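Just so you know, the sequences run in chain order S and L. Under our numbering, the residues of the first sequence are numbered 2 to 174, in order. Under our numbering, the residues of the second sequence are numbered 180 to 317, in order.
Don't take every hint at face value.
As a list, the in silico BS3-like pairs of lysine-lysine whose alpha-carbon atoms are at most 27 Å apart [claimed, not checked]: (1) K261(L) x K82(S); (2) K206(L) x K87(S); (3) K190(L) x K55(S); (4) K197(L) x K68(S); (5) K256(L) x K46(S); (6) K168(S) x K254(L); (7) K256(L) x K11(S); (8) K61(S) x K254(L); (9) K249(L) x K68(S); (10) K119(S) x K254(L); (11) K131(S) x K258(L); (12) K13(S) x K190(L); (13) K29(S) x K197(L); (14) K29(S) x K249(L); (15) K13(S) x K186(L); (16) K55(S) x K256(L); (17) K61(S) x K190(L); (18) K13(S) x K197(L); (19) K206(L) x K153(S); (20) K55(S) x K186(L); (21) K6(S) x K256(L); (22) K249(L) x K13(S); (23) K254(L) x K13(S); (24) K169(S) x K249(L); (25) K61(S) x K261(L).
FYI, nobody ran anything at the bench for these hints, they're computed from the structure. Please read all numbers here as calculations on a predicted model, not as lab measurements.
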Amino acid sequence: MFLEKALLEKAKLGDRESLEILLRDNYKIIYGYLLKLTTNEDITKDITQEVMVKAILNIKKFKGDSKLSTWLISIASNLYKDNLRKSNQISSMQIEELSVKDSQNVEETVINKDTVRKIEKMLLDFPYEKRMAFILKNYYNYSYEEIGTILKCPIGTVRSRLHYCIKKLRSLM
Amino acid sequence: MSYNHEKIQEKLMDVFYKEGELTKELKSHIDDCSECNSFWRDLNTIEENIPSFDLNIEVDERVIGGAFRKVGILKEKRKNIKDLALFATIASIILGCVGLLANMGYGKSIILVQIFLVIFAPLSIPFMIRQRLVKEES
């Protein structure tokens, strides 16, 4: 955290190397988040690059109230929404190409994979705002408040979106 | 599902996500209500079965490098637009001044100045080039 602050200060003063380190450190978070949203590697790479472009251009505007990764995820969410509005290509998912967590024994693996695939399929069918809230909470463990800040919506909305996702996922059980 | 269950389940969700506390009231409700009890258990099942998307992500230097290149191009474009705007403003001011002077009856003088500039300005180019070369050498 201290190192991040020091690098941020340097980056804000125009030090490219510091900015590169910060972007490299956060690459996996942004890419992973977008991959979960789009499930398409090409689109994910494109949006990740756009996120970095925005971050480089606006790094001086970043106040440091939150972690840099939170700010980058917020940019990624907005760009994903823009991208979705521009084209509906994102819905052409590549579910089969994504790997699924392996379990200890074979029998469990088969059952687990089936449930996981069902959940995965349903996750992708959620409206994007709800999916974003669910991913941010369940994969990144952001608080309701942080999710509200990232998605620019009140905490009540975050809660209802999460509850909606859980109710839908429960129907699979 | 009744409004009450809906509210209780939202509270259970808060507890599950560590955004709220498991109060005595909630606890006794889980024990008594099968619907909410099943909701509580399902929360754990969902967490256990959440798909782990491929997380063997390698940092792609091309993406980062590409971002810096794109920013360079964008900055260049912005600079060009700024320069163009500045040029247009200065040109408009000069043209406006010339027009005003012509309107005030200095048309003949303006034409003379223009002729002078057209004839003599090109003569200054060798000197300007020489000056620049001297500057570059030093």
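Hints, one by one, checked against the model:
About 30 Å separates the Cα atoms of K261(L) and K82(S), which puts this hinted pair outside 27 Å; it is violated. Between the alpha carbons of K206(L) and K87(S) the distance comes to roughly 47 Å, so the proposed pair goes past 27 Å and is violated. Restraint check for K190(L) and K55(S): not satisfied, since their Cα atoms lie roughly 38 Å apart, outside the 27 Å limit. For the proposed pair K197(L) and K68(S), the alpha carbon gap of about 20 Å is at most 27 Å, so the pair holds.
Distance hint between K256(L) and K46(S) is fulfilled; the C-alpha atoms sit about 24 Å from each other, no more than 27 Å. For the proposed pair K168(S) and K254(L), the alpha carbon gap of about 47 Å is over 27 Å, so the pair is violated. Between K256(L) and K11(S) the CA atoms are separated by roughly 25 Å; this keeps the pair inside 27 Å, and the hint holds. For the proposed pair K61(S) and K254(L), the alpha carbon gap of about 15 Å is at most 27 Å, so the pair holds.
Using a Cα cut-off of 27 Å, the hinted pair K249(L) and K68(S) holds, with the two alpha carbons roughly 25 Å apart. Between the alpha carbons of K119(S) and K254(L) the distance comes to roughly 46 Å, so the proposed pair goes past 27 Å and is violated. Distance restraint check for K131(S) and K258(L): the Cα-Cα separation of roughly 40 Å exceeds the 27 Å cut-off, and the hinted pair is therefore not satisfied. Under the criterion of a C-alpha separation no larger than 27 Å, the hint pairing K13(S) with K190(L) is inconsistent with the structure, at around 42 Å.
At roughly 25 Å between alpha-carbon atoms, K29(S) and K197(L) fall within 27 Å of each other, so this suggested pair holds. Using a Cα cut-off of 27 Å, the hinted pair K29(S) and K249(L) holds, with the two alpha carbons roughly 20 Å apart. In summary, the hint linking K13(S) to K186(L) is not supported, as the alpha carbons are separated by about 46 Å, beyond the 27 Å threshold. At most 27 Å may separate the alpha-carbon atoms for a hinted pair to count; K55(S) and K256(L) meet this at roughly 15 Å.
Among the hinted pairs, K61(S) with K190(L) is inconsistent with the structure: their alpha-carbon atoms are about 40 Å apart, more than 27 Å. Using a Cα cut-off of 27 Å, the hinted pair K13(S) and K197(L) is violated, with the two alpha carbons roughly 35 Å apart. Pair hint K206(L) plus K153(S) does not hold up; C-alpha atoms about 33 Å apart against a cutoff of 27 Å. Proximity of K55(S) to K186(L) is assessed by CA-CA distance (about 40 Å); at most 27 Å being required, the pair is judged violated.
With a C-alpha separation of about 31 Å, the suggested pair K6(S) and K256(L) falls outside the 27 Å cut-off, and the hint is violated. Note on K249(L) and K13(S): the hinted pairing holds, with a Cα-Cα distance of about 18 Å set against a maximum of 27 Å. Taking the CA atoms of K254(L) and K13(S), the gap is near 16 Å; set against the 27 Å cutoff, the hint holds. About 41 Å separates the Cα atoms of K169(S) and K249(L), which puts this hinted pair outside 27 Å; it is violated.
This hinted pair checks out: K61(S) and K261(L) have alpha carbons roughly 20 Å apart, not beyond 27 Å.
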